[in-house]
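K.L.:
Sequence:
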Amino acid sequence: MEEEQREEWTRQEIMKLIELYKAQDCLWNINNIDYRDKRKRNAAWKYISTTLDHDILSVERKMKVLKTQFMYCYKLLKKYSARGEAYQPKWFAYKNLKFLLTGKIHRENREVARINED
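Using my numbering, you'd call the opening residue of the sequence shown number 89 and step up by one each time.
No lab work stands behind these hints, which were simulated from the structure alone.
Bear in mind the structure is a predicted one, so any value in this text is a computation, not a measurement.
Glycine included, each C-beta is placed from N, C-alpha and C at the ideal position.
Among these hints, one or two may not hold up.
To be verified - Label pairs and their calculated CB-CB ranges:
id, residue 1, residue 2, range
1, Arg127, Lys167, 34 to 44 angstroms
2, Lys126, Lys167, 18 to 28 angstroms
3, Arg124, Glu173, 36 to 46 angstroms
4, Cys114, Tyr160, 38 to 48 angstroms
5, Glu173, Glu107, 10 to 20 angstroms
6, Ser146, Gly172, 16 to 26 angstroms
7, Asp125, Glu173, 23 to 33 angstroms
8, Thr139, Tyr168, 34 to 44 angstroms
9, Arg124, Gly172, 38 to 48 angstroms
10, Gly172, Arg129, 18 to 28 angstroms
11, Met103, Tyr168, 36 to 46 angstroms
12, Val153, Tyr123, 37 to 47 angstroms
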(Lines of atoms letter the chains of each structure in order from A and count residues from 1; the text may use other names and numbers.)
(Lines give C-alpha, C1' and ligand atoms only; values in the text may rest on other atoms or scores of the structure.)
Protein backbone atom coordinates (compact mmCIF):
# COMPACT_ATOMS: atom_id res chain seq x y z
CA MET A 1 0.00 0.00 0.00
CA GLU A 2 1.32 3.42 -0.94
CA GLU A 3 1.98 5.90 1.83
CA GLU A 4 -0.08 9.05 1.68
CA GLN A 5 2.04 12.13 1.05
CA ARG A 6 1.59 15.00 3.43
CA GLU A 7 0.92 18.26 1.71
CA GLU A 8 2.81 21.27 3.00
CA TRP A 9 0.90 24.51 3.39
CA THR A 10 2.54 27.91 3.73
CA ARG A 11 1.15 30.43 6.21
CA GLN A 12 0.07 32.55 3.27
CA GLU A 13 -1.92 29.64 1.81
CA ILE A 14 -3.46 28.91 5.21
CA MET A 15 -4.55 32.51 5.64
CA LYS A 16 -6.05 32.49 2.13
CA LEU A 17 -7.86 29.22 2.95
CA ILE A 18 -9.32 30.78 6.09
CA GLU A 19 -10.41 33.87 4.15
CA LEU A 20 -12.10 31.76 1.45
CA TYR A 21 -13.72 29.46 4.02
CA LYS A 22 -15.10 32.43 5.94
CA ALA A 23 -16.61 33.84 2.74
CA GLN A 24 -18.38 30.50 2.09
CA ASP A 25 -20.50 30.63 5.22
CA CYS A 26 -22.69 27.74 4.06
CA LEU A 27 -19.75 25.59 5.22
CA TRP A 28 -19.63 26.82 8.81
CA ASN A 29 -22.64 28.98 9.72
CA ILE A 30 -25.53 26.86 10.97
CA ASN A 31 -27.86 29.83 10.50
CA ASN A 32 -27.16 29.98 6.76
CA ILE A 33 -30.10 28.62 4.76
CA ASP A 34 -27.67 26.62 2.58
CA TYR A 35 -25.86 24.99 5.51
CA ARG A 36 -27.71 21.71 4.97
CA ASP A 37 -27.63 21.86 1.16
CA LYS A 38 -25.03 19.26 0.17
CA ARG A 39 -24.77 20.51 -3.43
CA LYS A 40 -24.04 24.10 -2.38
CA ARG A 41 -21.55 22.93 0.24
CA ASN A 42 -19.77 20.76 -2.34
CA ALA A 43 -19.71 23.69 -4.77
CA ALA A 44 -18.18 25.89 -2.04
CA TRP A 45 -15.43 23.32 -1.35
CA LYS A 46 -14.78 23.01 -5.09
CA TYR A 47 -14.48 26.80 -5.42
CA ILE A 48 -12.01 26.95 -2.52
CA SER A 49 -9.93 24.05 -3.80
CA THR A 50 -9.80 25.45 -7.34
CA THR A 51 -8.83 28.90 -6.08
CA LEU A 52 -6.02 27.46 -3.95
CA ASP A 53 -4.98 24.87 -6.56
CA HIS A 54 -5.29 22.01 -4.03
CA ASP A 55 -7.55 19.00 -4.27
CA ILE A 56 -10.84 19.11 -2.36
CA LEU A 57 -9.88 16.39 0.12
CA SER A 58 -6.66 18.12 1.20
CA VAL A 59 -8.50 21.45 1.59
CA GLU A 60 -11.21 19.83 3.74
CA ARG A 61 -8.58 18.03 5.83
CA LYS A 62 -6.55 21.18 6.34
CA MET A 63 -9.63 23.12 7.40
CA LYS A 64 -10.57 20.39 9.87
CA VAL A 65 -7.07 20.53 11.40
CA LEU A 66 -7.28 24.32 11.65
CA LYS A 67 -10.71 24.20 13.32
CA THR A 68 -9.47 21.58 15.79
CA GLN A 69 -6.46 23.72 16.69
CA PHE A 70 -8.67 26.79 17.02
CA MET A 71 -11.06 25.02 19.40
CA TYR A 72 -8.12 23.77 21.48
CA CYS A 73 -6.89 27.36 21.88
CA TYR A 74 -10.40 28.62 22.56
CA LYS A 75 -10.98 26.02 25.29
CA LEU A 76 -7.66 26.95 26.90
CA LEU A 77 -8.73 30.59 26.87
CA LYS A 78 -12.04 29.70 28.54
CA LYS A 79 -10.29 27.51 31.11
CA TYR A 80 -7.86 30.25 32.13
CA SER A 81 -10.61 32.89 32.12
CA ALA A 82 -12.73 30.76 34.46
CA ARG A 83 -9.80 30.74 36.89
CA GLY A 84 -9.43 34.50 36.57
CA GLU A 85 -6.06 34.15 34.87
CA ALA A 86 -4.99 36.03 31.77
CA TYR A 87 -4.31 33.97 28.67
CA GLN A 88 -3.85 35.07 25.09
CA PRO A 89 -3.49 32.39 22.40
CA LYS A 90 -0.28 32.84 20.44
CA TRP A 91 -1.22 30.63 17.48
CA PHE A 92 -0.96 32.70 14.28
CA ALA A 93 -4.41 31.81 12.90
CA TYR A 94 -6.44 32.17 16.12
CA LYS A 95 -7.77 35.69 15.54
CA ASN A 96 -8.65 34.96 11.92
CA LEU A 97 -10.78 31.96 12.92
CA LYS A 98 -12.80 33.69 15.64
CA PHE A 99 -15.70 33.96 13.18
CA LEU A 100 -16.30 30.24 13.81
CA LEU A 101 -17.70 31.08 17.23
CA THR A 102 -20.69 32.85 15.67
CA GLY A 103 -21.64 29.80 13.62
CA LYS A 104 -21.17 27.00 16.12
CA ILE A 105 -23.85 25.15 17.99
CA HIS A 106 -23.61 25.37 21.73
CA ARG A 107 -23.77 21.80 22.93
CA GLU A 108 -24.01 21.08 26.58
CA ASN A 109 -21.87 18.29 27.91
CA ARG A 110 -24.09 15.20 27.85
CA GLU A 111 -22.99 14.12 31.31
CA VAL A 112 -23.93 17.48 32.76
CA ALA A 113 -27.31 17.27 31.03
CA ARG A 114 -27.95 13.81 32.54
CA ILE A 115 -27.05 14.99 36.03
CA ASN A 116 -29.39 17.98 35.70
CA GLU A 117 -32.24 15.68 34.62
CA ASP A 118 -31.97 13.55 37.80
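K.L.:
For every hint, state whether the structure bears it out.
P.N.:
Hint check results:
no. : hint                                  : result
1   : Arg127 <-> Lys167: 34 to 44 angstroms : holds, 39 angstroms
2   : Lys126 <-> Lys167: 18 to 28 angstroms : violated, 36 angstroms
3   : Arg124 <-> Glu173: 36 to 46 angstroms : holds, 39 angstroms
4   : Cys114 <-> Tyr160: 38 to 48 angstroms : violated, 25 angstroms
5   : Glu173 <-> Glu107: 10 to 20 angstroms : violated, 32 angstroms
6   : Ser146 <-> Gly172: 16 to 26 angstroms : violated, 41 angstroms
7   : Asp125 <-> Glu173: 23 to 33 angstroms : violated, 43 angstroms
8   : Thr139 <-> Tyr168: 34 to 44 angstroms : holds, 37 angstroms
9   : Arg124 <-> Gly172: 38 to 48 angstroms : holds, 40 angstroms
10  : Gly172 <-> Arg129: 18 to 28 angstroms : violated, 41 angstroms
11  : Met103 <-> Tyr168: 36 to 46 angstroms : violated, 26 angstroms
12  : Val153 <-> Tyr123: 37 to 47 angstroms : violated, 21 angstroms
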